[in-house]
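Colleague: Spelled out, the chains give:
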Amino acid sequence: MDSSISTRYTVNKIITYTVLIIFAIIMLVPFVWMILTAIKTNQEAISVDPFYVFPHNGWHFENFATVWKSYNFITLYKNTILFIIFRVICACLTATMAGYAFGRLEFPGKKIMFSLVLIQMMIPSQIFVIPQYLMVSKLHILNTTAGLVFPGLVTAFGTYLLKTGYQSLPKDLEEAAAIDGCNIGQTFLFIMLPLTRSSMVSLGIFTALFAFKDLMWPMIVCTNASTTTLSAGLAKMQGQYGSDYPAMMAAAVLAIVPMIVIYIIFQKQFVEGIATSGGKL
Amino acid sequence: MAKKKMTPSQKRQAIWGWAFILPTMLGLIVLNYYPAINTVYQSLCKTGDFGKGNIFVGLNNYKSVLGSAEMWQSLWNTVKYAIVEVPLGIVIALVLAVLMQKKLAGKTLFRTLFFLPMVCAPAAVAMVWKWLYNQQFGLLNNVFHTNVAWISDPKIAWISVGIIGVWSIIGYNMVLFIGGLQEIPKDYYEAAQIDGASSLRQFFSITVPLLSPTTFFIVQTRIIGALTVFDLMFMVMDKTNLALNKTQSIVYLFYTYAFTNGNRGYGAAIVMVLVVFIMIVTFFLQKLEKKIVYYN
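Chains as they are written, first to last, in numbering that gives the first Met the number 0: chain A, 0 to 280; chain B, 0 to 295.
Since the hints were made in silico from the structure, they are not lab data. Just so we're clear, the structure is a prediction, and the values are computed from it rather than from any experiment. Incorrect hints may appear among the rest.
[Claimed, not checked] On the chain A side, residues computed to face chain B include the following (Cβ under 7 Å):
| hint | residue |
| --- | --- |
| 1 | M33 |
| 2 | I80 |
| 3 | F106 |
| 4 | I126 |
| 5 | S230 |
| 6 | A234 |
| 7 | A254 |
[To be verified] Calculated lysine-lysine pairs in the DSSO-like style (CA-CA distance at most 30 Å, straight line):
| hint | chain 1 | residue 1 | chain 2 | residue 2 |
| --- | --- | --- | --- | --- |
| 8 | A | K68 | B | K238 |
| 9 | B | K238 | A | K235 |
| 10 | B | K4 | A | K12 |
| 11 | B | K10 | A | K110 |
| 12 | B | K290 | A | K110 |
| 13 | B | K185 | A | K267 |
| 14 | A | K267 | B | K102 |
| 15 | A | K170 | B | K4 |
| 16 | A | K12 | B | K290 |
| 17 | B | K101 | B | K10 |
We put the CB at the ideal spot given by N, CA and C, even for glycine.
Pulled out of the complex, with its shape left as it was, chain A reads as follows (with noise of 0.2 Å):
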């Protein structure tokens, strides 16, 4: 009896390995051939034979260095990091202030205004994407990082996101805060801001990761390479030299290593960010 459960157990065990590395290798092949054909010459690259995985003629890294200078690499990552940045303080900002006022203050208008953010966030984006583009042309913001940040000024989602946050605050706080006679801006910024940080850092990688994968806006408003993002330059390069593959690998390469080394360095952060906001990416 006993020995039949140790097995039952080891064959589970094995089962559950099995079944985890098979998806592990699944996830992994693009990557590491990503990497392989990227220091590859294209001879190589196009005569490609599984089983001689390995570049043969010497490992090509220079390839990087030619990406790196023909498609201006510095000013899409330049692009990109302040599109990003601004994105993020936007968003943290805006949605930190509404998101006080709706989870802890009560004021007239309150389920009206409450209501019009969690109806924004059922409408498919795409609806607003004609006006804002127009709007965007009239200010004569197109191919500049205002014109890119332009969308994300505020957050529907956010602004939920940091309500729930400070919902879930203890209900004393601002009774102490008034007895230590704070108004109600310096008990939001002092005493209540602080406890909300995971809220925050929740909602600050959801919307950088949203703004480095977003392709559609940076296409539409940034149409000059030396102005658009890595996401979008990415799509330009396709469209002019798709059949350089490892050079089209190495590009790829450069566009997403930065971001999988913040990812692996905040791994926690990242994970339990997503799955708490359970935003839609």
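Since chain A is already given, all that's left is putting chain B on it; use the hints.
Modeller: Same frame as chain A, but now just chain B:
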């Protein structure tokens, strides 16, 4: 209507409250509510030459959009993409999440790996898959000694793109499932074990019903996400691809008309079709939620 006079403290709260929500509300009105209404208006207009000016044409755009075989095909393509991505992405993620509940060595490593596509730009992901799918030089055809036109054969290209979608989303769904699984009380399983229920029985009698709110949330967000797919389609299916018509999604079609061709009125009408379609789907999902989701 006699208004109750506010106490000074209520007044203060009202002023602070409005001051705090003002930036967000103004932003939502200018950036979202006005554009939504403006898109409806644009869908009733013809875009003038060189993209300048709007000429009111009534329902003309809708007549041509609803009469366009291309639009219906794209809508159908989008549904087909969702049929591949949503169920596969969810079932695989659920299996992985359940397996990850056990005591395992290297759990964090697996989780990191499965979640990795979530932090990659879809543009880069699509480029790599396009290379793997390459008919002449791609890894897939070489490993399996086949000669399949993965992304240019109209019969299978939609599945190939769907698979990229599944690969990209598994980790995200899995993380949400893990969160849902952790909320199921452990004593339910202990009680079932004492009663001698097998792990399969436990899965279907405890895990599935108690996880249903999480599952429903994922199903709903994934369906809407899949119906608005753009990035993968745009990167994988270039304009000269033979399978473009049988694969491109409705948002891709919208992008082509509104921004590549500069026909904003027609593009706006396509968006309206998408919005109505998503509203119908959401309506039925809400009905379904009441029937199948088990809330404690």
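Colleague: Which hints from the list above does the structure break, by number from lowest to highest?
Modeller: 2, 10, 16, 17
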